[in-house]
Amino acid sequence: MTSGTLFGSTTSPYVRMTRLVRSRSGAESFVAFEVADAWKESYRAVNPLGKVPALVLDNGVACLETTLICRTLMGIGGTDLLPAAQMERVQEEADVALMIGLLDLGVAFLLEDRRDPAEQSKTWQARRLRGIEAALPMVESAARRAARRPRGYGAIALVSALDWFSFRHEGRVHWREACPVATEVVDGLLREEDVAKTDPRNA
0 MTSGTLFGST
10 TSPYVRMTRL
20 VRSRSGAESF
30 VAFEVADAWK
40 ESYRAVNPLG
50 KVPALVLDNG
60 VACLETTLIC
70 RTLMGIGGTD
80 LLPAAQMERV
90 QEEADVALMI
100 GLLDLGVAFL
110 LEDRRDPAEQ
120 SKTWQARRLR
130 GIEAALPMVE
140 SAARRAARRP
150 RGYGAIALVS
160 ALDWFSFRHE
170 GRVHWREACP
180 VATEVVDGLL
190 REEDVAKTDP
200 RNA
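For the sequence shown, numbering that gives the first Met the number 0 gives the first residue as 0, with consecutive numbering after it.
Among these hints, one or two may not hold up.
Claimed, not checked - Below, in silico cross-link-like pairs of lysine-lysine (DSSO-like), each with a Cα-Cα straight-line distance of 27 Å or less:
1) Lys50 x Lys39
2) Lys50 x Lys196
3) Lys196 x Lys39
4) Lys121 x Lys196
In short, the hints are calculated from the structure, not lab data.
Start from the sequences and build out the full structure, keeping to the hints where you can.
Structure follows, in structure tokens:
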């Protein structure tokens, strides 16, 4: 049986996604989780890109991208968290990609906001925020689908992304006001044991 180690921080929403997939797919018995600091130069021995998450298999294969890691974990665990029907499967993967895109904008905004004010680009920050806001109707549609499959891949991506926005962008990104269905779905998921265990506020 393939096994390996999943590396990541306990505050990263991308890592949270992979940890939840690891748990729900059954891969937890075969893949260890190790807390890693991506800012340490020594971590480049794991991932030369200096990013988390990273999944290193015992055969030496390094998976360095979130959705690749998730698909690999499903294969290792033996439980496919996507629907069986082809078009439903494509739709759920599209929903996951939407959440990843939202996170990319949110993380870029957060990192820019931490730079010296004189070095920040207000134009790019406004563009990132506008992209997040413009995507919220699609988020609400994805939440309706996730509500029908609360143990699925799409639901994992939804709670990982939106709870991170509450954690890092409270008062800036008002997704709860714009997305009542997503709010209800996420609040339900946050009460589940595996989701609660990965809460970044407890890191």
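Those earlier numbered hints the structure runs against, lowest number first: Those not satisfied come down to hint 4.
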